[in-house]
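Asker: Each protein sequence line maps, in turn, to chains A and B.
For the first sequence, my numbering assigns the number 1 to the initial residue and increments by one for each residue that follows.
For the second sequence, my numbering assigns the number 1 to the initial residue and increments by one for each residue that follows.
Mixed in with the good hints there might be a few duds.
Said to hold, decoys possible - Example chain A residues on the side facing chain B (calculated, C-beta under 10 angstroms, incomplete):
| # | residue |
| --- | --- |
| 1 | Lys-49 |
| 2 | Phe-87 |
| 3 | Val-109 |
| 4 | Thr-112 |
| 5 | Ala-156 |
| 6 | Leu-163 |
Simulated from the structure, these hints should not be mistaken for laboratory data.
No residue lacks a Cβ here, since even glycine has one placed at the ideal position from N, Cα and C.
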Amino acid sequence: MTTPKLELQGVSKAFDDKPVLREVDLVVAPHEVVCLIGSSGSGKSTMLKCVNLLVPIDEGSVLLDGADITASGVNANQVREEMGIVFQAFNLFPHMTVLDNITLSPRKVHGTRKAQAEDKARELLEGFGLSDKVDEYPDRLSGGEQQRVAVIRALATEPELMLFDEVTSALDPELVAEVLNVIRALKDDGMTMVIATHEMGFARDVADQVCFLDQGRILEHGPPRQIFSSPSEARTEQFLQRIIDAGRL
Amino acid sequence: MSDQTPIEEVGGGPSLFGPPRAPRGREEGTRAALIAFVSTIVFVVVVVGAILTSDAWPAVQKQFFNWERFVEVFPDILGGFWLDIKMFLVAEVIILVFSLVIAMIRSLRGPAFFPLRALAVIFIDLIRGIPVILLILLLGFGIPALQLPGVPTGALFWGLTALIISYSAYTAEVYRAGIESVHESQRMSARSLGLTQGQALRYVIVPQAIRNVIPALLNGFVSLQKDVALVLVLGVREAVREADIYAAKTFNYTGYIAAALLFLLVSVPVARFTDWYTNRDRRKKQSVGI
C-alpha cells in the first residue's frame with residue numbers, strides 16, 4: 001500500500017475547554033478527494049486549519065506523506081508550502097492587484113524571480129478564464145471571481161494537497177458553479193483534496209470519500225453513494241433529511 | 001447586492017456646517033443656504049459690534065492686538081516658529097517609524113515572543129502614564145546634568161527625544177488598533193501561503209492597517225505640531241518662548257497672539273484635510289458592496 005498523502009491520528013482540539021475535535025482519524029490517499037460534511041460547528045473548518053497548522057492541535061498527530069508535521073521542531077512555514085488552503089471569505093489581500101496577490105508567496109517565500117512568478121500567474125489565470133483580471137483589485141471582482149483567484153493563488157506555489165473550507169458558502173447562488181468547476185478541474189488533474197462543504201450535490205459528484213462530522217467526531221465515512229443513500233448512523237440520516245427538506249439535495 | 005443608494009444623494013456625512021441633512025429639493029436647498037448666510041451675517045455683526053463697542057475693548061486692543069507691537073515682535077516669533085516646524089517634521093518622521101516597530105512587536109504571536117511583547121506593553125503603559133512636560137523636564141534637564149561622556153547635552157535634542165518617546169507610545173496604540181482592525185482571515189491567508197509572521201505583518205497586515213488609521217495619525221500630527229512648543233520649558237527659543245520673552249520685557253501680549261496665529265495657520269488646514277480625508281474614505285468604503 002502506498003503512503004497516504006495525509007493522515008490524521010486521534011486528533012483532538014479544544015477551544016477554552018470546549019472540545020471541537022475529538023480523536024479524529026482520517027486517511028487520504030494520493031489523488032483522493034475527501035469531502036467533509038456536517039452542520040456548522042461540527043469541526044470541519046477547525047480540522048482543515050489543524051492540517052494547515054494554523055490551529056495547533058492538543059492531542060494526536062497529523063502526517064503528511066508519512067512524516068509527522070505536528071511533531072515539535074517542524075517548520076510550519078515549510079509544511080504550509082506543500083499545501084494550499086482556501087477559506088470561506090476575505091481570502092484576497094485587498095490592497096494588492098490580482099497579479100500581486102498570486103505572486104506574493106512565490107516571490108517572498110520561494111524566492112522566485114518576479115518575471116518568472118508573473119508568467120506563471122498569467123498562465124494560471126488564463127487557464128481559469130481570468131486573463132482580463134490580472135491588474136484588477138479584488139473589490140472590482142465578483143465573489144466567484146475572487147474565490148477563483150484565491151484558488152489560483154494557492155496553486156501558484158504548486159502544492160500537492162489542497163484544502164477547501166466552505167469556499168462557496170459566502171457566494172451568491174449563481175456564482176457557486178464557477179468555483180465548483182475549478183475544483184472539478186483540479187480533480188481531473190489528480191490533485192489530492194480535502195473539501196469542507198455544504199454543497200451536497202457537489203460532494204456526491206466529486207468525492208471519493210465522504211466524512212460526516214458531528215460534534216467534533218467523524219461519525220461515519222465511506223463512498224458518497226453509501227453515505228447519501230444508505231447512511232448507517234441516525235444522525236447522518238437526520239442531517240441529510242434536513243438538507244433535503246431545505247431543497248439543497 | 002448591487003442596488004445601493006447612490007451615496008451622494010444621502011446628503012453626505014457630517015460637514016463643517018452641521019450634522020448630516022436629509023435629502024431635499026433644489027429650491028429648498030437654496031432657501032436654506034440663504035437663511036444660513038443671512039443669520040451668519042447678523043450673528044457676526046452683533047458679536048463683533050458688541051466687542052468693539054464695549055468699555056474694555058481699548059485696553060484689550062492695546063494689550064493683545066497692538067499693530068506696532070505686532071510688527072516689532074513678529075520677525076522673532078516667525079524665526080521661532082520655523083524652529084517649531086523643523087522640530088515637528090523631524091519628530092514626526094521618527095515617531096511614525098518607531099511607533100510602528102513597537103506596534104508590530106506588540107502584535108507578534110506565540111510564546112517565544114513574550115519578552116518582546118511584554119517590553120512593548122510596559123513601554124507603552126509607562127510612557128502614557130507620565131505627563132509629557134514631566135518627561136521633557138526629566139530628560140532635558142536630567143540627562144545633561146549627568147555629564148556623561150559622548151552623550152549629547154543639548155536641551156533641544158533631549159526635549160525632542162522626550163516628545164518622540166511620548167508620542168511614539170500613543171501612536172503605537174493607534175497602529176495597534178489598525179492592525180487589529182484587519183480581519184483575522186487576512187493573517188490566516190498570509191500564513192497559509194507560507195509567509196512568516198513578520199512577512200505577513202509587513203506585506204499584508206500593516207499596509208491595510210495604516211490605511212485604516214490615517215485619520216487618527218493625522219490627528220496626532222495636529223497635536224504634535226502644537227506640543228513641540230513644550231520644549232520652551234528647557235529654554236529653547238521657539239515661537240512661544242519668543243513671545244514669552246517679549247511679554248516679559250514689555251508687558252504686552254500681542255506676541256502670544258502672533259504665535260497663536262502662526263500655529264493656527266498650520267493646524268487648521270491639517271484638521272480640515274483630516275475631515276475631508278475621513279469623509280472621502282468612508283464614502284469609498286460605503287460604495288463598495290460587501
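Asker: If a hint holds in the structure, say so; if it doesn't, say that too.
Answerer: Comparing the hints with the structure gives:
no. : hint    : result
1   : Lys-49  : 8 angstroms, holds
2   : Phe-87  : 6 angstroms, holds
3   : Val-109 : 4 angstroms, holds
4   : Thr-112 : 12 angstroms, violated
5   : Ala-156 : 9 angstroms, holds
6   : Leu-163 : 9 angstroms, holds
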